[in-house]
Amino acid sequence: MFVSGRSPEPDVENFADGSALASRLPPARCEDADHVTQHQSRSFPKVPVLACRLPLRSVASGEKQEELVRSRIAILGVLFGVLSSGCGGSVGLGVGDAAADGGAVDAEPERDAGPLDVAPPEDAGWMDADAGVLTSCLEGTWDHDGDPTTPCAAWSTCAAGTYVVQAPSATADRTCAPCANGYYSTAEDQAACTAGTCGVGTVQTIAGSSTTPATCAECAPGTWDHDADPATECAPWTTCAIGQKVVTIGTPSADRTCSPCGTAQTSANENAASCHPAAVAVVAGASHTCIALADGTVRCWGWNGWGQLGEGGQNDRGVPTAVSGLTNVVELSAGHQHTCARVDGGTVRCWGQYIHGSVDPAGGARYTPTVVANLTGAVELSAGRSHQCARLEGGTVRCWGYNFYGQLGDGTTISRPDPVEVLNVSGAVGLASGELHNCALLAGGKAICWGTNSYGQLGDGTTEGIRATPSAQASITGVAQMALGASYSCARLTDGTIGCWGRNEGGQLGSLTPAYSLLPVPAGAIANSVSIVANASHACAGLEDGAAVCWGNNNAGQLGYDGAMQASLPSVEGLSGVNQLALGGSHTCALVSGNVMCWGLNYFGQLGDGTQISRATPKSIVW
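The sequence shown begins at 130 in the working numbering and counts up by one.
I should point out that these hints are in silico values taken from the structure, not numbers from a laboratory.
No residue lacks a Cβ here, since even glycine has one placed at the ideal position from N, Cα and C.
Watch out, some of these pointers could steer you wrong.
[Unchecked claim] If you anchor each label on the Cβ, the simulated ranges turn out as follows: (1) 751 x 453: 15 to 25 angstroms; (2) 641 x 703: 44 to 54 angstroms; (3) 675 x 742: 24 to 34 angstroms; (4) 684 x 555: 33 to 43 angstroms.
Could you put together the complete structure from these sequences and hints?
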């Protein structure tokens, strides 16, 4: 029977495992559901024990925390009282109004009550005086002294010009180090410094610091960073000399490299991209120039109105152009408007103007090389204005072409399309041709000459107009070499001096006076000549030291300087290492170590530089 306001006696059996008890307990709640945890009772596993976990920082004060703890202990005491009554006979549920149905009264615990859950302190931090708890150092701070009563200190700042050696934490400060020499940083707390020096191929214009990089500029064109030291100036590239070629071009970070040209090759200019076959001979006509190369071929340039360039047409050429079909050439000669080549083996081929049989009896021009008939065994060639001569093995001489002035030496003035033997000449060791006369050099330094003699150019002491039959010249002795011009003659003597005779209106005798001479006149004060060449109205001599001097007409700068003829015979400026000289009508060329340099009149491109600009200064030709 139930007593009003009383709870019936609990059934101890039903509480053995706590299952029934659990059904009788009032529901537990926490105001903050995020902090609800449930625990199992050790005596009654099915009885949930509610714990309301509140954040430590939500507690306003120590007094409120203490009050909350006391409330939770009271609730736990009621629970343990109920559980302990299971062993006796009745269970006290606490004071309260009876349920409307006479059942037990549910005593609801405080909603925020629960066991106190205090988290263990961190290794480092500081004691929050308001909360009374140890608090971890915030981001950006650290426990600088290990004293929980003092606030955490802010991390050190690595200023510009330094970098972070060690990153900070709650227990360690940030550490810094200055940027090394040549490195910089521009902002705080940089993980590393940046290289601030000038790189390879540059030069420093303004020095850098720990907070600014150096100001740099690329090496100027034609220079390179030769020592990788930005504080020193860039050095000029190496110059590849004439006779060398460029292997690698220069850059701001690398020098130009060079290599010598191969055998029988050369380069015409400094820093040449490639080498070419070396020239072995150079000749000049009135307004054209030709060279023989080491590979046996020939190139010509200048005026080509009569096909004297041999390239198959009549177009003028301002640069060296290959002569068609010629190989194995060992010697060249050039007349006024024709050219001839001696081929290995002694045959001769000619091209250009045909005048009275100078090239071919058919007449007209020949635009490509044509074999000269009935001529073998040639060892030397010499060309006049419109005639051609060849010295043969054994010392005889043959000539062909124009003969109005007896220049063929056959005793007549009849032009010949085929070579005829020159009379009274044997044992010749040298040969020279002028515009309208010729001389053969004999053993012992004597000479024999023939052709026109209106100015005494034959050297016999007279001005007899025509000498169609050669005669020895008693006044010409001690001759090592001869060179003939329009109406004058010159001889290089064995002692290195030079004497000239004949016409002299332009100073071609090497002296400003007289107007003409029947006997040799010394050419200036030349005493060390090794070669001599003449044409039209100027002459030149090569000297022992590789220099060259010229004299005579200088209307186009063909003497190598501006102005009129000078008695002092100055050396051609910018010319050295001369191996051979060649004279045209008003231009001059020199062979120098496999290259060719020309100067003077250039109206037809006879200087070979691709222009029509005349000049008094020698310039190398490229082919």
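Cβ-Cβ distance between residue 684 and residue 555: within 33 to 43 angstroms?
Taking Cβ atoms as reference, residue 684 and residue 555 lie about 41 angstroms apart, which means the hint holds.
Verify the CB-CB distance for residue 675 and residue 742 against the hinted window 24 to 34 angstroms.
Hint holds: Cβ distance 27 angstroms, inside 24 to 34 angstroms.
15 to 25 angstroms was suggested as the range; check whether the CB atoms of residue 751 and residue 453 agree with it.
For residue 751 and residue 453 the Cβ distance comes to about 21 angstroms; the hint holds.
Honestly, do residue 641 and residue 703 meet the 44 to 54 angstroms range at C-beta?
violated (25 angstroms)
Checked against the numbered hints listed earlier, the structure breaks hint 2 alone; every other hint is satisfied.
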